[in-house]
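S.K.: Listed below are the residues making up each chain.
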Amino acid sequence: MADAPALGRARAYGLLSWMWIRSSMAYRTSFVILLTSSFAITFLDFAAILIMFASVDRLGGFSVSEVAFLYGSTSLALGFADLFGGSLDRVGARVRDGSLDAMLLRPVPTLVQIMADQFAIRRLGRVLQAVLVFGWALATADIGWTWDRVLLVPAMLVCGTAIFLAILVLAGAFQVLASDAADVGNAFTYGGNTMLQYPLTIYPTEVVRAVTFVVPVAFVNWYPALHILDRADPLNLPTWWQFASPLAAAVMCGVAAMCWRAALRHYRSTGS
Amino acid sequence: MSGPGLYAAVAVRSFRRYSTYRAATLAGAFTNSVFGVILAYTFIALWSERPDLGGYDVTTAVTFVWIGQALLTPVAIFASGAEADLVERVRTGDVAIDLYRPTDLQLWWLAADLGRAAFQLLARGLPPTLIGLLIFDLRFPSNPVTWLVFLLSVVLAVTVSFSIRYLLALSGFWLLDVRGAQTLTIVLSTFFSGLFLPLVIFPGWLKDVAFALPWASLLQLPADVLLEERTGWSVVQALAFQAAWATALLLLGRLVLRVATRRVVVQGG
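Residue numbers (our numbering), protein chains in the order written: chain A, 35 to 306; chain B, 206 to 474.
Calculated from the structure, these hints are not laboratory results. Think of the CB as a built atom: it goes at the ideal place given N, C-alpha and C, for glycine as much as any other residue. Keep in mind that the hints are not guaranteed to be accurate.
[What the hints assert, rightly or not] Beyond 10 Å from chain A on every Cβ pair, some chain B residues (computed):
1) A229
2) L244
3) R384
[As the list claims (entries may be wrong)] If you want a taste of the chain B side facing chain A, the calculated C-beta under 7 Å gives, among others:
4) F240
5) P256
6) G385
7) F396
8) V405
9) W410
10) K412
11) V414
12) L418
13) V441
14) L444
15) A448
16) V464
17) A465
[To be verified] Label-pair ranges, simulated between beta-carbon atoms:
18) A:V289 to B:D262: 20 to 30 Å
19) B:I340 to A:T273: 51 to 61 Å
20) A:T273 to B:T436: 52 to 62 Å
21) A:L271 to B:D299: 54 to 64 Å
22) A:F87 to B:L418: 18 to 28 Å
23) B:S224 to A:F87: 38 to 48 Å
24) B:L411 to A:Y301: 47 to 57 Å
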């Protein structure tokens with residue numbers, strides 16, 4: 035039922051997610067360890083950056099608060115994208131065991147079912163950690179707040195989440211064709227996230243061009259951050275690029291939706 | 206077939222089994238290469254500010270990144286080695302059948318994990334290293350003895366890593382759902398192996414703690430052997446450290462299994 039109204043899809047997503055939240059509460063010890071360790075994994079991640087700054091004052095010309103701003107914003111975007119669509123990395127497994135076929139038959143859009151599949155509330159651990167780091171960055175970084183900078187912060191987070199979600203969907207579509215290749219998606223999501231935690235000034239310009247024009251993850255936080263932190267663009271692109279994240283997010287989501295549909299159209303079951 | 210021959214056969218078949226996952230291997234090697242490039246540039250930025258940080262120079266630091274990406278999967282720093290099947294067998298209760306077999310549960314899975322690691326050292330270790338050599342200035346030793354000692358150190362690294370993951374799998378007898386414990390294991394092994402930041406640049410007491418924990422065996426010690434940061438007696442010390450943790454954790458695993466089989470009711474009725 036591809037024409038189901040958006041509200042119906044959201045409701046189906048909510049119902050399925052709620053079911054998985056309740057089921058994860060069944061093994062309570064495991065759930066508590068999961069939530070804490072999911073928080074800890076990202077905490078130690080940031081600890082690595084703090085250890086770096088124990089030895090240096092600046093990295094790529096950015097202070098620790100400014101790096102925390104970059105870290106917090108990309109982690110928040112990936113955290114939300116992972117919360118809503120993290121299950122997309124299991125598309126390949128679903129193709130292999132044939133359960134994708136069953137999903138295609140149910141009267142709920144396949145993408146909604148896949149995304150809500152094994153919805154894991156423990157992923158909030160990462161979001162929570164990112165909120166703390168981002169909050170600390172906003173409080174300590176030297177930002178000259180103007181109304182456009184204030185508005186750019188939520189816009190950056192929403193667009194960043196959309197861009198990472200689009201990559202998750204693209205990686206999911208790729209798994210329909212190559213069911214073993216879930217790891218390729220990680221290179222772009224977790225790889226992109228790791229890269230965006232640091233100022234892109236530390237990378238060669240070819241790399242910065244690649245993440246601007248080929249896989250536009252730089253729009254998750256780098257271009258808006260240039261405006262918010264009042265930094266010069268190493269590529270010297272026009273100023274409006276720093277406000278172009280919604281455009282990049284829209285293009286990415288459009289491409290992802292097209293690829294997802296194309297992948298399902300070309301899907302041939304594993305047989306039997 | 207019994208004794209060493211049996212476990213060798215398990216290892217060989219595990220090697221062959223993993224060699225059939227071609228797309229996954231290719232995808233993984235690609236991801237390793239991407240992470241290698243990203244981390245290498247952050248290390249270059251860091252070492253250009255402090256050229257002698259942690260006693261490494263920038264070439265050593267960048268080579269460390271690529272050794273890390275090459276060893277990540279063979280040493281199973283992110284878990285998901287052969288123990289993943291044992292986790293599943295404990296969860297479903299199939300492990301009850303394994304316990305009736307005339308083989309040793311721990312040695313069986315250790316053999317399977319070593320076979321897996323051997324394949325992944327070739328398939329997941331070499332391609333990223335070649336990419337790294339193409340893009341960056343890396344330094345590898347010319348002395349063949351260093352390479353042999355490095356291989357020995359990697360075998361010990363896999364054994365220490367396995368002994369921890371075996372304990373993780375056995376925790377399923379009590380926890381039923383080991384995903385929480387698994388995430389915790391991955392957190393600790395990622396941070397304390399030095400994968401994202403070599404232990405040599407950890408500050409003060411944290412460095413001492415990190416170098417005493419078993420996870421130092423997974424990457425930091427083999428890497429220091431290959432980088433020739435450790436020579437002579439200190440190589441022997443590194444290998445002895447790894448062997449000591451491997452022995453202690455494997456013995457702990459045997460003890461835990463004994464308690465589990467006495468006290469715990471296997472799932473699945």
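S.K.: Does each hint fit the structure? Answer for all of them.
M.R.: Against the structure, the hints:
1. A229: Non-interface label fails for B:A229: nearest chain A Cβ at 4 Å, not farther than 10 Å.
2. L244: The claim breaks: B:L244 does not keep its Cβ more than 10 Å from every Cβ of chain A (closest is about 7 Å).
3. R384: At about 6 Å from chain A, B:R384 fails to clear the 10 Å cut-off, so the statement is violated.
4. F240: The hint holds - B:F240 has a Cβ within 7 Å of chain A, the shortest such distance being about 6 Å.
5. P256: 11 Å, violated
6. G385: With a closest approach of 3 Å, the B:G385 hint holds.
7. F396: 4 Å, holds
8. V405: 11 Å, violated
9. W410: 13 Å, violated
10. K412: This hint is violated: B:K412 lies away from chain A, its Cβ roughly 10 Å from the closest one there, beyond 7 Å.
11. V414: 13 Å, violated
12. L418: 13 Å, violated
13. V441: Violated, because the Cβ-Cβ distance from B:V441 to chain A comes to roughly 29 Å (cut-off 7 Å).
14. L444: 27 Å, violated
15. A448: The hint is violated - B:A448 has no Cβ within 7 Å of chain A, the shortest such distance being about 27 Å.
16. V464: 18 Å, violated
17. A465: 16 Å, violated
18. A:V289 to B:D262: 20 to 30 Å: 43 Å, violated
19. B:I340 to A:T273: 51 to 61 Å: 32 Å, violated
20. A:T273 to B:T436: 52 to 62 Å: At 55 Å between Cβs, range holds.
21. A:L271 to B:D299: 54 to 64 Å: 58 Å, holds
22. A:F87 to B:L418: 18 to 28 Å: 23 Å, holds
23. B:S224 to A:F87: 38 to 48 Å: 43 Å, holds
24. B:L411 to A:Y301: 47 to 57 Å: 50 Å, holds
Hints 1, 2, 3, 5, 8, 9, 10, 11, 12, 13, 14, 15, 16, 17, 18 and 19, counting from the list given before, are not met by this structure.
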